[in-house]
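A.B. asks: Here's the letter readout for the chains.
2 protein chains.
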Amino acid sequence: MEITFLGTGGSYPTRFRNVPAIAVQVKEDLLLLDCGEGTQRQFMQSNVSFMKVKKIFITHFHGDHFLGLPGLLQTMAFNNRIDSLEIYGPEGIEKLLDGIFSLGFWKPSFKIIAKSIVPSDTLQFEGYSVSAELAEHTIPDYAYKIKEEDRRGHFDTEKCKALGIKGKDFSYLESNGFIIKNGKKILLKEVTGNSIVGKSLVYTGDTVPSDRIIKFSNNVDVLIHEASVTKDLENKANEYGHSSSSQAAEIAVKANAKQLILTHISPRYEDSTPLLEEALPIMKNTKLAEDFLVHVF
Amino acid sequence: MEITFLGTGGSYPTRFRNVPAIAVQVKEDLLLLDCGEGTQRQFMQSNVSFMKVKKIFITHFHGDHFLGLPGLLQTMAFNNRIDSLEIYGPEGIEKLLDGIFSLGFWKPSFKIIAKSIVPSDTLQFEGYSVSAELAEHTIPDYAYKIKEEDRRGHFDTEKCKALGIKGKDFSYLESNGFIIKNGKKILLKEVTGNSIVGKSLVYTGDTVPSDRIIKFSNNVDVLIHEASVTKDLENKANEYGHSSSSQAAEIAVKANAKQLILTHISPRYEDSTPLLEEALPIMKNTKLAEDFLVHVF
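Quick note, the sequences are listed as chains E and R, same order. The first sequence maps to residues 0 to 296 in numbering that gives the first Met the number 0. The second sequence maps to residues 0 to 296 in numbering that gives the first Met the number 0.
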């Protein structure tokens with residue numbers, strides 16, 4: 000997967016960080032997680048094309064997470080988008096889109112499918128799935144998990160050689176799941192190793208530390224957790240439904256996440272390195288997101 | 000007046016130009032003309048504070064001219080705005096604001112007064128007025144004129160000396176409009192020259208060349224006219240309710256405007272100098288707006 004951070008601030012933009020938006024290339028699809036105001040322009044300043052976005056997932060209906068939608072949709076239309084676009088979110092996403100369409104004079108020229116989902120849903124797409132879990136914020140907020148499908152293991156070259164499998168046999172096996180060799184049916188799974196586990200990613204949106212997020216993020220490759228503030232402002236942040244970077248790190252450790260990326264940094268920080276410094280002693284493999292950071296895993 | 004161009008593109012943003020927004024400092028008030036998506040962040044990158052905006056004037060309800068409103072209002076609230084804010088526009092501005100307030104979870108914490116106005120209205124404020132005229136676009140669009148009040152002329156020093164007016168007499172005259180000297184009542188206007196005409200500015204919003212705009216902009220100091228395209232694309236632009244830069248220049252000449260500033264440059268132009276080059280032979284005193292251009296007059 001390739002993650003491009005388009006907005007890594009929280010609540011409102013600063014000169015250095017725009018409000019939340021994360022583009023994720025998974026298999027053939029470009030997904031967008033949240034779409035704060037100005038996301039279309041952040042796309043223009045990145046290496047990712049907003050025209051290629053296939054599905055959008057909104058974590059919750061606070062302005063900094065969705066106010067970029069109307070402009071992005073209108074600009075897609077200005078650029079002659081034809082492909083339909085799916086927009087997922089908590090209950091109310093259809094109403095939100097209706098509200099957006101009723102602002103001013105504009106009707107979409109391509110199909111926009113708004114679908115609310117529930118935490119138990121797992122949406123199956125081509126080679127990956129997206130599932131949601133309720134985070135703990137002041138209003139309903141979904142954490143999203145993107146998971147690539149597991150793939151078959153590599154060919155066991157020794158075993159294949161011993162059975163006389165070679166050349167075009169491999170693509171035949173791949174296509175058909177078996178091959179007849181010397182009158183004997185050999186199954187693909189007999190000559191391949193353990194399946195390769197698909198990569199996985201969780202993005203929390205806005206949340207206080209949550210046991211549900213720990214469970215939901217179990218063994219995930221990358222956990223993108225909100226980290227609004229430093230330790231000294233933790234209590235106040237928790238009151239408003241947010242986490243400190245240390246709390247995000249504790250969640251990552253408890254979830255056994257392989258890597259943590261901190262985002263949704265409060266506009267109060269011109270220098271956000273203290274957020275990283277406080278998380279690192281707890282969770283070694285931690286990155287602090289910056290606008291336009293690209294993370295491939 | 001001091002004009003700060005915050006967004007000088009049209010339809011949708013590019014890496015170099017954001018969508019329309021113009022801040023105007025007139026007397027004690029900071030006004031905002033249009034508020035495209037991302038205007039709050041453009042403010043942050045300028046020398047003008049978004050917290051000081053007192054009144055907003057929206058030309059029309061196409062997304063590129065108003066989609067920055069919800070984010071700007073929310074960020075004002077995040078920054079503890081207390082002062083009320085007036086938002087003016089064509090008929091429907093109240094409904095637009097209602098629509099904005101119904102998006103997601105947010106209610107303004109300060110007073111927002113949305114008022115639709117009609118072309119015959121002239122709004123009188125402290126030391127200046129704002130009036131509107133219907134431009135010619137695909138939907139109702141108002142051009143706005145900001146006009147400082149005329150001020151009294153300078154003291155005629157010779158006459159004052161002859162009448163024995165000196166020292167504190169001047170401030171007395173100023174406050175009371177007259178003074179008694181040697182038993183004789185002398186009026187302020189008797190000892191001051193011709194009144195000084197207040198500066199004036201017209202901003203068109205989106206429009207094709209319009210006779211109403213010529214009349215409305217008569218003798219204006221600065222005409223900010225939309226100039227979406229170069230001459231070669233004029234016909235197409237006119238069809239969509241827009242002007243070429245040459246047409247904007249012709250309007251400025253016919254209106255006897257002292258200066259023309261071109262804005263609302265189509266995103267198709269990476270290099271927009273041809274727009275200026277085509278206008279200059281028609282209207283010598285022409286500028287091409289760029290984001291963050293500050294123009295004082």
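These are computed hints drawn from the structure, not numbers from a lab. Be aware that a few hints might be false.
Any copy will do: because identical chains look the same in the list, a pair fits if it lies in one copy or spans two.
Unchecked claim - Below, computed lysine-lysine pairings styled on PhoX-like, alpha-carbon distance capped at 25 Å:
no., residue 1, residue 2
1, Lys146, Lys286
2, Lys235, Lys106
3, Lys158, Lys26
4, Lys144, Lys114
5, Lys188, Lys253
6, Lys283, Lys26
7, Lys53, Lys214
8, Lys184, Lys144
9, Lys94, Lys106
Being a predicted model, the structure only gives us computed values, none of them experimental.
A.B. asks: Each of the hints needs a verdict: does it hold here or not?
C.D. replies: We went through each hint and held it up to the structure:
1. Lys146 - Lys286: within (21 Å within a copy, 53 Å between copies)
2. Lys235 - Lys106: Cα proximity of Lys235 and Lys106: across copies only (21 Å, versus 42 Å in one copy).
3. Lys158 - Lys26: neither (30 Å within a copy, 86 Å between copies)
4. Lys144 - Lys114: Result: close within a single copy only, 17 Å intra versus 45 Å inter.
5. Lys188 - Lys253: neither (34 Å within a copy, 82 Å between copies)
6. Lys283 - Lys26: The answer is neither: 28 Å in one copy and 56 Å across copies each exceed 25 Å.
7. Lys53 - Lys214: neither (28 Å within a copy, 49 Å between copies)
8. Lys184 - Lys144: Classified as neither: same-chain Cα gap 39 Å, cross-chain 85 Å, threshold 25 Å.
9. Lys94 - Lys106: both (15 Å within a copy, 17 Å between copies)
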